[in-house]
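Student: The lines below spell out each chain.
Protein chains: 2
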Amino acid sequence: MDTTALGFNTINLGHGSGGVMTRDLLDKIIFKTFSNPYLNQKHDGSIVHFNNKIAISTDSFVVSPIFFKGGNIGELAVHGTVNDVAMCGAIPKYLSLAFIVEEGLKIEEFITIVNAIKLAADISGVQIITGDTKVVERGKGDKIFINTTGFGEVNPKANISTDNIKVGDKIIVNGFVAQHGMAIMSQREGLEFESTIESDTTNLNFLVNDLIDEFGNKIHLLRDPTRGGLASVLSEISQDTNKGVTIYETKIPLEKQVAAACEILGLDALYVANEGVFIAIVDADIANAVVEMMQKDEKGKNAVCIGEITSGHPNKVVMHNELGGKRIVSPLIGEQLPRIC
Amino acid sequence: MDTTALGFNTINLGHGSGGVMTRDLLDKIIFKTFSNPYLNQKHDGSIVHFNNKIAISTDSFVVSPIFFKGGNIGELAVHGTVNDVAMCGAIPKYLSLAFIVEEGLKIEEFITIVNAIKLAADISGVQIITGDTKVVERGKGDKIFINTTGFGEVNPKANISTDNIKVGDKIIVNGFVAQHGMAIMSQREGLEFESTIESDTTNLNFLVNDLIDEFGNKIHLLRDPTRGGLASVLSEISQDTNKGVTIYETKIPLEKQVAAACEILGLDALYVANEGVFIAIVDADIANAVVEMMQKDEKGKNAVCIGEITSGHPNKVVMHNELGGKRIVSPLIGEQLPRIC
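As you go down the protein sequences, you meet chains W and V in turn. Count the first sequence with my numbering and you get residues 1 to 341, in order. Count the second sequence with my numbering and you get residues 1 to 341, in order.
Read the hints as simulated data drawn from the structure, not as lab findings. Predicted, not measured: the structure shown is a model, and the values here were computed from it. Take every hint as true, because none was put in to throw you off.
Identical copies carry no separate label here, and so any pair may be met within one copy or between two of them.
When the alpha-carbon atoms are kept at most 27 Å apart in a straight line, the in silico DSS-like pairs for lysine-lysine are as follows:
1. Lys157 to Lys53
2. Lys157 to Lys42
3. Lys42 to Lys166
4. Lys42 to Lys316
5. Lys28 to Lys316
6. Lys218 to Lys42
7. Lys28 to Lys106
8. Lys166 to Lys251
9. Lys53 to Lys32
10. Lys256 to Lys296
11. Lys316 to Lys32
12. Lys218 to Lys53
Start from the sequences and build out the full structure, keeping to the hints where you can.
Tutor: The structure is reproduced here in structure tokens:
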């Protein structure tokens, strides 16, 4: 795109000054892109109205590289927070948006990211209502970090809590795991695979809300296994509930090329980050109906039940493999893939 | 303090993994410090209830150095957002809290910052309800960046908008300007002055709310002149209202040592960042009463009327000096003092 009309090609320290250059950047890019009555007040904050319980979630995004196959840090910052609000059983409605930009970021890259944020926000049905832009010196950041905080009204039918989980509950996953992490990792390592692995970054809020509308409080918990992957979320659930989690290796949806990439890099797909994946822990008597409903949705077409909650082996996740053996899935200790989101 | 019991002395990449090390850091420091029913759910987000219009504001804090005379980045991150919510005419109630930590940050420094956040939050009457922690590699950040997003119920008596500003309105400031910026700047430059300049970082929400309770919609606008200082906020107001702003140099509260430091460093105090300062633009008939009420409060004891809104020189700020001359106060263009907040 032609950025000459803007009068600047890179983000400079002056764009974080709070003065005319800041206003210029906001007017020409941010306010122009996200124009809505809340943001257009250009005040220190925004005023909204809710009639119900609201869910709030915040995340900072520091993914490296900022552009990757299947997306960029901008849409990731929208989807990540939209999904976290959805996992609370709420309908995401508003986002705040705060940038920390390293001096020297190309304005073209900034605009590409801002446009990706706008598109992802529109598709997710959320509005950007307030924001902030800071600029740090070269070498004191890494191109761009983005914080989003999201707000949404809780679906009155939702009752999402680890306290509701009981023995016999089924664990359902909406689709292929490990795609986001392997997309970032294969790109970062300069590896080339025969097929291109793309990030699965997407908004899950509409599918999640449909499930809550249909099944209400029989959906006991929703979680998106981002950093730390499926293993970490399931470990936390087993520990928080003091119950066991049993999963079946052959049931876990894993694309062949992603499995191959994991093998080449010596990574366990269970620990690799996801961005378009969620698990639902549900009452056993609705499990099949949940899977069927998910499968009718593009974002759940590969949905499957991968396991259940057990009274045996409390606080532990046990995985049965295809040969009939089983092993304990330890929680992730340190960092497997730094800066994945 | 003794950090040996923690089992780690610095923040490592593993603390941003989403795995056991992340949970360990959260359990031992974050959840322990901020324990409350919202945060203790340890979910992806938090659910709160509001019955009214709510104000939302976000800010990322990248101040350097992270420890400065009069405070640190932690309390700054609370006060900054609490004050932004207050400037919307709202009573701050909840904060989200997101860290981006550079690998290698000393855990003692992290804990000092977390404790400062806790104390500032308690004093301001807000609870930390959800958060996030990311870790970036050495050289890809600068010790610690903090994002806070704040939420508060709008005072039903408040009607804060530039649209309400009319010719004749008075401009009142609560106290000494330029203290925060000069505290950071003198420390950063290694300058030593006879007296020590301290940041004015503080929460303004209770004083602001008292004013709204007393004077309601006769308070037309509230703004805190942080980055860009008094000059930038007044310039924006003159432009947004298409009216003139007249201020009187001799009225602007400026401590002697701050004035001296500005002179040594060649800075204009009008452009220097504040953290405990706000301006109120009010109906002329309540101006004296507003000043008197402010002066009874510790955080407004040096309050004074510094000028008014005029029909002359629209879109411009004009300052009358002590010799009877006047000059146009231009808005700040680029960066005077990078990373001041």
